[in-house]
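Q: Here the protein sequences line up with chains D and W, keeping their order. Counted from 1, the first sequence has number 107 at position 107 by this note's numbering; the numbering is strictly sequential. Counted from 1, the second sequence has number 248 at position 248 by this note's numbering; the numbering is strictly sequential.
Do not take every clue at face value.
Here are a few chain W residues that face chain D, going by a calculated C-beta distance under 7 angstroms [claimed, not checked]:
| no. | residue |
| --- | --- |
| 1 | Q123 |
| 2 | P203 |
| 3 | R256 |
Derived Cβ-Cβ restraints for the label pairs, each shown as a range [what the hints assert, rightly or not]:
| no. | chain 1 | residue 1 | chain 2 | residue 2 | range |
| --- | --- | --- | --- | --- | --- |
| 4 | W | G30 | D | G61 | 46 to 54 angstroms |
| 5 | W | G151 | D | H22 | 35 to 43 angstroms |
| 6 | W | E246 | D | E38 | 49 to 57 angstroms |
| 7 | D | R201 | W | T85 | 41 to 49 angstroms |
| 8 | D | G139 | W | T212 | 25 to 33 angstroms |
| 9 | D | G24 | W | G150 | 40 to 48 angstroms |
Here are some chain D residues the structure puts well away from chain W; computed CB gaps all over 10 angstroms [as the list claims (entries may be wrong)]:
| no. | residue |
| --- | --- |
| 10 | R2 |
| 11 | Q164 |
| 12 | P200 |
Please keep in mind that the hints were generated in silico from the structure rather than gathered at the bench. Backbone N, C-alpha and C fix where the C-beta goes; we use that ideal spot for every residue, glycine too.
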Amino acid sequence: MRVTVIDYKAGNLTSVLKALRHLGVDVTVTDADLAPIESAERIVLPGVGHFAATQRLDATGMTPAIRAAVQRGVPFLGICVGMQWLFAGSTEAPGHAGLGWFAEECTRFPEGGEKVPHVGWNSVTPKADSRLLAGVEPGEFVYFTHSYKAPVTADTAASTEYMQLFASVVERGNVMGVQFHPEKSSEAGLKILRNFLEIPR
Amino acid sequence: MITKRIIACLDVHAGRVVKGVQFVDLVDAGDPAELAARHAREGADEIVLLDITATHEGRRTLLDTVKRTAEELFVPFTVGGGIRTVEDAEQVFLAGADKVSINSAALKNPELISEIGKIFGSQAVVVAIDARRDKEAADPVCDAQVFVQGGRKPAGRRVVEWAREAEERGAGEILLTSMDSDGTRAGFDCELTAAVSRAVSIPVIASGGAGTVDHFADIFKRGKADAALAASIFHFGVSSARSLKEQLALSGISVRLSC
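Given only the sequences and the hints, what does the whole structure look like? Please build it.
A: Structure (structure tokens):
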């Protein structure tokens, strides 16, 4: 299977690539070239850092190519900021639009409670019909590191609690996102990546 | 619920994990890749690899060691020791580390924190601080002295103000080692850790002094630590992270135990 990983030059892709290769797939990385997006069987958008970095997707013309691919039904997985980019935007970078597949906006955790960023292993409560989380038990732990989060909506496939409930997994049709790092979440994370690779087109 | 992290630390010299008291009388404790995998399998939430060699020759060995260790490791992996420039950090990231830990180099050139953070994200920058309580100071704990060069030289900084500066400059986490407790196995320095943890919003990893399960319960409750690091307690089969975490769960500490 050909998996295209999108590099928007914000951080280190090594761990994501390593996990995908561990699962036996053929990985192509693109940071501008549209051909690997056009021919992809799966697309993964990893991400760390600032929401504004995703503007590179617009600047390189990758955004319309990704939009066309997901409209063709190519399974898409956004990780961390890559998941947040699936929303309309984030208060981290006002005025910078995301893909808008999900209509809501991402916001920062409130001040004055627990520490921000939210760093460490926290549990997920999956919805029973989530394809991405098939076989993941309620209460399974995954590794998070983020300060901004997505709201819980009808498209939330799993929620997590940190001061308040937020969407730790989103899923609608072939478009999916995880706020945590499956590539760093031990067996549970590898299972989620494997599920993603096995979702039929 | 967010859990308290148990981090296994591997001190590496010339490609092997070593154990000694204050880096003296080093005993071979095994292969880094094998030990890291074992710790992860046995429930460690994270792995830290600290290079204690720091010679030019040793750096190449280190990158090879990092690569081998990262290959089959699917929990967060931090590498520290001898990282002085953005280029050093980049090499370690490319070899497979998720975070770098910087100590002396950050004190010498605090801009290094933001330089690495801008390229690789704040979550990838751990600022390690070695501190010793200062009995002469008005507040011996908050004004604990920060040391560099493996604890040999005072840096002229106080622990709380330096931790705050590190956070402002974009550190993602603080790895705080109490030099008073390190190597004693008599318990973490809860007061020192709590002082730093209250002063910053980023996670604080406590290090130095782990000897018993109660020490870990204490550093999470009284010490306000977000994570605790230990090396010797895990080596030579003394205890596994899982058995440690099972006992912590019984004392009401929230920890990750697989379903």
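Q: Are all C-beta atoms of chain W more than 10 angstroms from that of R2(D)?
A: holds, 22 angstroms
Q: Take a look at whether the Cβ-Cβ distance between E246(W) and E38(D) falls inside 49 to 57 angstroms.
A: Roughly 50 angstroms apart at Cβ, these two residues keep to the hinted range, so it holds.
Q: Taking the closest Cβ pair, is P203(W) under 7 angstroms from chain D?
A: Holds, because the Cβ-Cβ distance from P203(W) to chain D comes to roughly 5 angstroms (cut-off 7 angstroms).
Q: For the hint 40 to 48 angstroms, verify it against the beta carbon of G24(D) and that of G150(W).
A: holds, 43 angstroms
Q: Answer holds if the nearest beta-carbon of chain D is closer than 7 angstroms to that of Q123(W); otherwise answer violated.
A: Since the shortest Cβ distance to chain D is 4 angstroms, the answer is holds.
Q: Quick one: work out the minimum CB distance from Q164(D) to chain W and report holds if it exceeds 10 angstroms, violated otherwise.
A: Consistent with the label, Q164(D) stays out of reach of chain W, its closest Cβ about 13 angstroms off (over 10 angstroms).
Q: Return holds or violated for the Cβ distance of G151(W) and H22(D) against the range 35 to 43 angstroms.
A: Between G151(W) and H22(D), where Cβ atoms are some 38 angstroms apart, the hint holds.
Q: Range hint 41 to 49 angstroms: satisfied by the CB atoms of R201(D) and T85(W)?
A: holds, 45 angstroms
Q: Does the claim that P200(D) lies outside the interface with chain W hold up, using a Cβ gap greater than 10 angstroms?
A: Per Cβ check, P200(D) is outside 10 angstroms of chain W; nearest 25 angstroms; holds.
Q: Under the criterion of a CB-CB separation shorter than 7 angstroms, is R256(W) in contact with chain D as hinted?
A: holds, 4 angstroms
Q: Could you see if the CB distance from G139(D) to T212(W) stays within 25 to 33 angstroms?
A: With a Cβ separation near 28 angstroms, G139(D) and T212(W) satisfy 25 to 33 angstroms, so the hint holds.
Q: Could you see if the CB distance from G30(W) to G61(D) stays within 46 to 54 angstroms?
A: holds, 50 angstroms
Comparing the model with each numbered hint stated earlier shows that all of them hold.
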